[in-house]
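Those sequence lines, one after another, are chains A and B.
Numbering (our numbering) for the first sequence: 1 to 301.
Numbering (our numbering) for the second sequence: 1 to 156.
No wet-lab data here; the hints were simulated from the structure.
The beta-carbon is built from N, C-alpha and C at its ideal position, and this holds for glycine as well.
Check before you lean on any hint, since a few could be wrong.
In silico EDC-like links for lysine to aspartate or glutamate, alpha-carbon gap of 20 Å or less [to be verified]:
#, chain 1, residue 1, chain 2, residue 2
1, A, Lys190, A, Glu165
2, B, Lys55, B, Asp68
3, B, Lys89, B, Asp71
4, A, Lys10, B, Asp68
5, A, Lys40, B, Glu29
6, B, Lys89, B, Asp115
7, B, Lys25, A, Asp38
8, A, Lys258, A, Glu244
9, A, Lys162, A, Glu175
10, B, Lys94, B, Glu29
11, A, Lys10, B, Asp53
12, B, Lys55, B, Asp115
13, A, Lys239, A, Glu283
14, A, Lys40, B, Asp41
15, B, Lys25, A, Glu142
16, A, Lys10, A, Asp89
17, A, Lys251, A, Glu283
18, B, Lys55, A, Asp58
19, A, Lys190, B, Asp127
20, A, Lys158, A, Glu175
21, A, Lys40, A, Asp5
22, B, Lys141, B, Asp124
23, A, Lys190, B, Asp44
24, B, Lys12, B, Asp71
25, B, Lys25, B, Asp71
26, B, Lys55, A, Glu151
27, A, Lys190, B, Asp68
28, A, Lys209, A, Glu283
29, B, Lys141, B, Asp152
30, B, Lys141, B, Glu92
31, A, Lys40, B, Asp44
32, A, Lys162, A, Glu14
33, A, Lys239, A, Asp208
34, A, Lys27, A, Asp38
35, B, Lys55, B, Asp124
36, A, Lys27, A, Asp208
If you want the footprint, here are the derived chain B segments under chain A, 3+ residues with CB under 8 Å [stated by the list, open to error]:
#, stretch
37, 12 to 26
38, 87 to 100
39, 138 to 152
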Amino acid sequence: MRAFDFYAAKDSSEAVALLAQHGPAVKVLAGGTDLLADLKFASATHAPKVVVDISRADDLRGIETTEQGLRIGALVTHTEIMRSPVIRDLFPALVDAAHTIGAVQTRNLGTLGGNLVTAVPSMDSGPTLVALDAIVTIAGPEGRRQVPLVEFFVGPRKTVLKPSELLVEIIIPKENVGKPAHFLKFGLRKGQALALVNVAAAIWVDWDKNTFVAPRISLGAVAPTVIHAASAERYLEGKPTTAETMVEAGKLAVNDAKPINDFRASAGYRRDLIAVLTKRALESAWELAQQKRQARTGKAH
Amino acid sequence: MVSVTLTVNGEKRSATVVPETTLLKLLRESFNLTGAKLGCDVGDCGACTVIVDGKLVNSCLMLAGQADGRDVLTIEGLATSDRLHPIQKAFEDKGSLQCGFCGPGVIMSAKWLLDQNPNPSVPDIRDALAGNLCRCTGYSKMIEAIQAIAQDGAKA
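Build the full structure now, drawing on both the sequences and the hints.
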């Protein structure tokens, strides 16, 4: 690794001050599972001069309910998400997504915020959060701002973060807390594989009419960023919760994506996967919605 | 330079190193603990696996500065001078290793698993070993060894 200066920040405000002080050639170190691997191969022009370690900034931890919704601190690790009783209860899709990331060692170090900031298009934590309309809070020298997660991503490995800014938390808005959601990933192996396609679906159901309300479908690894399958979402709004509408939504989602050919899979194979995985994610979200309703009312719909 | 003091296998150790030093390099080159291996150096192979504050991690992906003040357990902390650790003994009994390069990492993953879950299922074991690559013997005999310990109820 190339030489750099190392500063450990005790909290987010100290981290932001260090970032502002050291200018653009600075990198933030959270879990390190992406950054250290990158630093070992960085060219002289891309290597940072300064690394600011935020891994001890305790104000960036924690999973709790706030006025805005469910807050997940940027430093929460994938293992912590998998073990959180609150997340296991409200969003099993986030638990499933976290479990598909890397292996135990990387999940113990790697953070949710880090996975989002690295902004690899195949990231596994993105689709479920985008489907749940998550917003992120960014801290900078001028204070804090919030942006929808889907707009946080600009391109492969590119986000709206400025060099002096820090991602501090991820918020699932309160109107979506408990929204039935499901995540699916298709990789070439079960362990330590990148997604060829990953999909998340989140739905409410109008139980009087048995129709979809506020359906959200999000796709990863098939566009420069994690995206909404907007035409599939528009189609499903108000449609009956039947196998036919879910199949049709899967077909429409294919046209919302721009998959590439690479050594892992062809674009055509990825398109087929989008249709199938979207349909399956909707089916599973629908099953979860039914289970939640039964648990709530004791009725078998 | 970064000065670090950490507990390694129950002993306080200190060193002053350049900031880009990984925990793996610190263990191997400053403390002469060469059990954890340098394999891929990017967190894929698990040969450098150690336990930091009870968490299984790749020591190639952690800076020495991040390990300052923490409690590190390496493969050297398992056996005593007169007795192998039960996991090491089970791996020996089952012939679970051939060249052995992946062994320290695999055994640390097994130790972490058994600490959390003394009676793991085969899928639990496979999940715990997913971050450790073996290129000679394969994984079946490792899984058998870990199951044997779980069945013996031996304190791992």
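Lys55(B) and Asp58(A) were given as a pair; does the straight-line alpha-carbon distance stay at or below 20 Å? Holds. Lys55(B) to Asp58(A) sits at ~17 Å (cutoff 20 Å).
When you check the alpha-carbon spacing of Lys162(A) and Glu14(A), does it fall within 20 Å? Given pair Lys162(A), Glu14(A) holds - Cα atoms ~16 Å apart, limit 20 Å.
Apply the coverage criterion to the stretch 12 to 26 of chain B and chain A: a residue qualifies when its Cβ sits closer than 8 Å to a Cβ of the chain, and three qualifying residues are needed. holds (count 4)
Take the C-alpha atoms of Lys55(B) and Asp124(B), compute the straight-line distance between them, and say whether it is at most 20 Å. It holds: about 17 Å lies between the C-alpha atoms, which stays within 20 Å.
Compare the distance between the alpha carbons of Lys141(B) and Asp152(B) with 20 Å, and conclude whether the hinted pair is satisfied. holds, 16 Å
Restraint check for Lys25(B) with Asp71(B), where alpha carbons must lie at most 20 Å apart: At roughly 16 Å apart (the allowed maximum being 20 Å), Asp71(B) and Lys25(B) satisfy the hint.
For a C-alpha distance cap of 20 Å, please report whether Lys10(A) and Asp89(A) respect it. violated, 32 Å
Verify the proposed pairing of Lys209(A) with Glu283(A), using a straight-line Cα cut of 20 Å. holds, 17 Å
Satisfaction of hint between Asp68(B) and Lys190(A), Cα-Cα up to 20 Å: violated, 34 Å
Take a quick look at whether Lys40(A) and Glu29(B) sit within 20 Å of each other, Cα to Cα. Since the Cα atoms of Lys40(A) and Glu29(B) sit roughly 18 Å apart, the hinted pair holds (cutoff 20 Å).
Between the alpha carbons of Lys10(A) and Asp53(B), is the straight-line distance 20 Å or under? holds, 19 Å
Take a quick look at whether Lys251(A) and Glu283(A) sit within 20 Å of each other, Cα to Cα. holds, 14 Å
In this structure, the hints that do not hold are numbers 1, 3, 8, 9, 10, 15, 16, 20, 26, 27, 36, 38 and 39, in rising order.
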